[in-house]
Amino acid sequence: MTGGPLHFMFHIQTKAHYYAQTILVGGAKYRATGRGFVTQHAPFDENFRFFASSHFYLGVELAAALVLMGVFSDAGQYFGRTWSLWLASLSFVAAPFWFNPLAFEWKVVRSDYEGERAKRASLLEDEHTRDEVCEMAVF
Amino acid sequence: MSRDVYRVAQRLDFFRLMSMYFGGIGHYVGNVLTVFTVYFVCMLMLALALFDEETIGDRKLTPAGGIQMLLGGMGLLNTFPLFATLGVEMGWWASFMEVSGLLLHTKTDTNLKLTQYRRLFRFS
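Chains A and B are the protein sequences, given in the same order.
Position 96 of the first sequence, counted from 1, bears residue number 95 in numbering that gives the first Met the number 0, the numbering being contiguous throughout.
Position 99 of the second sequence, counted from 1, bears residue number 98 in numbering that gives the first Met the number 0, the numbering being contiguous throughout.
With the rest of the complex left out, here is chain A (with noise of 0.2 Å):
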């Protein structure tokens, strides 16, 4: 298992996004797909940030929608009609990390697990973004 279509998946939708984004409010310009040969580990809140708004929100908004249809659905045959897109949401929300190197290796988990914690303490500490996050919270 080399995770092929998860690739893809993600693949599908960052390309998606940056056309509709740019259809919807302009600003067409290069965007990098990620299509090169990557060796280095990039940091966990680097790949967050980059990939929250485009990836990581559509994945979790589908994945509570699934569960919450299973929750409520009554028709049956849950996993034969939803596999495909857990499958989706799987990708959007894994696939960076997945295809990180060295992401499994506990070192590197652990320096990544404090550079974000790190971040946000220092986004915390900032008065101007703790209102902000305060006022997402509420929302």
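Hints are computed from structural coordinates only; laboratory data are not their basis.
All residues carry an ideal CB built from backbone N, CA and C; glycine is no exception.
Be aware that one or more of the hints could be misleading.
Claimed, not checked - Here's a subset of chain A near chain B, in silico, CB distances under 8 Å, partners left out:
1) Tyr18
2) Asp73
3) Ala74
To be verified - Restraint-style ranges between C-beta atoms, simulated for each label pair:
4) B/Phe35 to A/Phe49: 20 to 30 Å
5) B/Phe50 to A/Lys106: 13 to 23 Å
6) B/Trp91 to A/Phe49: 43 to 53 Å
7) B/Phe14 to A/Glu113: 19 to 29 Å
8) A/Leu86 to B/Lys59: 17 to 27 Å
9) A/Ser110 to B/Leu32: 33 to 43 Å
10) A/Lys106 to B/Ser1: 46 to 56 Å
11) A/Ile22 to B/Arg10: 19 to 29 Å
12) A/Asp73 to B/Phe39: 20 to 30 Å
Stated by the list, open to error - Straight-line C-alpha distance at most 25 Å; calculated SDA-like pairs for lysine to any residue:
13) A/Lys14 to B/Leu43
14) B/Lys59 to A/Trp82
15) A/Lys14 to B/Ser18
16) A/Lys14 to A/Val59
17) A/Lys118 to A/Glu104
18) A/Lys14 to B/Met17
19) A/Lys118 to A/Val108
20) B/Lys59 to A/Leu84
21) B/Lys59 to A/Pro42
22) A/Lys14 to B/Ile24
23) A/Lys106 to A/Arg116
24) B/Lys59 to A/Ala74
25) B/Lys59 to A/Ser83
26) A/Lys14 to B/Asn30
27) A/Lys14 to B/Thr33
28) B/Lys59 to A/Phe71
29) A/Lys106 to A/Ser83
30) A/Lys118 to A/Tyr56
31) A/Lys14 to A/Gly25
32) A/Lys14 to A/Glu60
33) A/Lys106 to A/Asp44
34) A/Lys118 to A/Ser52
35) A/Lys106 to A/Lys14
36) A/Lys118 to A/Asn99
37) A/Lys14 to B/Leu16
38) A/Lys118 to A/Phe71
39) A/Lys14 to A/Gly69
40) B/Lys59 to A/Tyr77
Starting from the structure of chain A, add chain B where the hints point.
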């Protein structure tokens, strides 16, 4: 659209125009539609479940056979023209192995190969 695309489009016959469209801007339109459809299907199924509308008259929404539902999510209708063409070219068993290999082998390059195959066979 840019000037060079306009000029190329003026000089191509209809089928080559189709080919250019699907290899160029139509590819992106297709991607947007694909993602939108995934989102739409997901939300529609959620809405049907939430509002207890998962019936057609008094029948259930899902057919009795499970295997159809499983295969339905795989986009097999897209693959049949490929299977048919490869079947004539290489023989049915070999083409079956090739197609299922493409679907199951889960390598990025084979997936791209599959997309390329589909495009090639439909528009050449």
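For each hint, the structure was consulted:
Interface hint at A/Tyr18: satisfied, since its Cβ lies 4 Å from the closest Cβ of chain B, which is below the 8 Å cut-off. Annotation: A/Asp73 was flagged as interfacial toward chain B, and the flag holds, the nearest CB pair being 6 Å apart, inside 8 Å. Taking 8 Å as the C-beta cut-off, the interface hint given for A/Ala74 holds, the closest approach to chain B being about 4 Å. Checked against the hint of 20 to 30 Å, the C-beta distance between B/Phe35 and A/Phe49 comes to roughly 22 Å, which is consistent with it.
Roughly 50 Å separates the CB atoms of B/Phe50 and A/Lys106, a value that falls outside the hinted 13 to 23 Å. Between B/Trp91 and A/Phe49 the beta carbon distance is about 46 Å. The supplied range of 43 to 53 Å therefore holds. Range check, B/Phe14 to A/Glu113: Cβ separation about 58 Å, and the 19 to 29 Å hint is violated. A/Leu86 and B/Lys59 have their C-beta atoms about 24 Å apart, which keeps the hinted 17 to 27 Å range intact.
For A/Ser110 and B/Leu32, the hinted distance range of 33 to 43 Å is satisfied, since their beta carbons lie about 40 Å from each other. Between A/Lys106 and B/Ser1 the beta carbon distance is about 49 Å. The supplied range of 46 to 56 Å therefore holds. The supplied range of 19 to 29 Å is met by A/Ile22 and B/Arg10, whose beta-carbon atoms lie about 27 Å from each other. Restraint check, A/Asp73 to B/Phe39: a C-beta distance of roughly 22 Å satisfies the suggested window 20 to 30 Å.
With a CA separation close to 24 Å, the supplied pair A/Lys14 and B/Leu43 stays within the 25 Å bound. For a cut-off of 25 Å, the pair hint linking B/Lys59 to A/Trp82 stands: about 20 Å separates their Cα positions. Annotation: proposed proximity of A/Lys14 to B/Ser18 holds, straight-line Cα distance about 20 Å (limit 25 Å). Using a Cα cut-off of 25 Å, the hinted pair A/Lys14 and A/Val59 holds, with the two alpha carbons roughly 19 Å apart.
Proximity of A/Lys118 to A/Glu104 is assessed by CA-CA distance (about 21 Å); at most 25 Å being required, the pair is judged to hold. For the hint linking A/Lys14 to B/Met17, the alpha-carbon distance of about 21 Å falls within 25 Å, and the restraint holds. A hinted pair counts as satisfied when its Cα atoms are at most 25 Å apart, and A/Lys118 with A/Val108 qualifies at roughly 15 Å. Simply put, B/Lys59 and A/Leu84 have alpha-carbon atoms about 21 Å apart, close enough for the 25 Å limit, and the pair holds.
Among the hinted pairs, B/Lys59 with A/Pro42 is inconsistent with the structure: their alpha-carbon atoms are about 48 Å apart, more than 25 Å. This hinted pair checks out: A/Lys14 and B/Ile24 have alpha carbons roughly 11 Å apart, not beyond 25 Å. At roughly 15 Å between alpha-carbon atoms, A/Lys106 and A/Arg116 fall within 25 Å of each other, so this suggested pair holds. Between B/Lys59 and A/Ala74 the alpha-carbon distance is near 6 Å, which keeps this suggested pair within the 25 Å criterion.
Our distance criterion of 25 Å between C-alpha atoms is met by B/Lys59 and A/Ser83, whose separation comes to about 21 Å. This hinted pair checks out: A/Lys14 and B/Asn30 have alpha carbons roughly 7 Å apart, not beyond 25 Å. Between A/Lys14 and B/Thr33 the CA atoms are separated by roughly 11 Å; this keeps the pair inside 25 Å, and the hint holds. For the hint pairing B/Lys59 with A/Phe71, the CA-to-CA distance comes to about 15 Å; that is within 25 Å, so the pair holds.
At roughly 34 Å between alpha-carbon atoms, A/Lys106 and A/Ser83 are farther apart than 25 Å, so this suggested pair is violated. A hinted pair counts as satisfied when its Cα atoms are at most 25 Å apart, and A/Lys118 with A/Tyr56 qualifies at roughly 20 Å. Taking the CA atoms of A/Lys14 and A/Gly25, the gap is about 15 Å. The hint holds against a cut of 25 Å. As the CA atoms of A/Lys14 and A/Glu60 are separated by approximately 19 Å, the hinted pair is consistent with the 25 Å bound.
Distance hint between A/Lys106 and A/Asp44 is fulfilled; the C-alpha atoms sit about 16 Å from each other, no more than 25 Å. Proximity of A/Lys118 to A/Ser52 is assessed by CA-CA distance (about 18 Å); at most 25 Å being required, the pair is judged to hold. Of the supplied pair hints, the one linking A/Lys106 and A/Lys14 is violated, its CA atoms being roughly 33 Å apart against a limit of 25 Å. Of the supplied pair hints, the one linking A/Lys118 and A/Asn99 holds, its CA atoms being roughly 20 Å apart against a limit of 25 Å.
About 22 Å separates the Cα atoms of A/Lys14 and B/Leu16, which keeps this hinted pair within 25 Å; it holds. Using a Cα cut-off of 25 Å, the hinted pair A/Lys118 and A/Phe71 is violated, with the two alpha carbons roughly 39 Å apart. For the proposed pair A/Lys14 and A/Gly69, the alpha carbon gap of about 30 Å is over 25 Å, so the pair is violated. Among the hinted pairs, B/Lys59 with A/Tyr77 is consistent with the structure: their alpha-carbon atoms are about 13 Å apart, no more than 25 Å.
The structure fails hints 5, 7, 21, 29, 35, 38, 39 (numbered hints given earlier, in ascending order).
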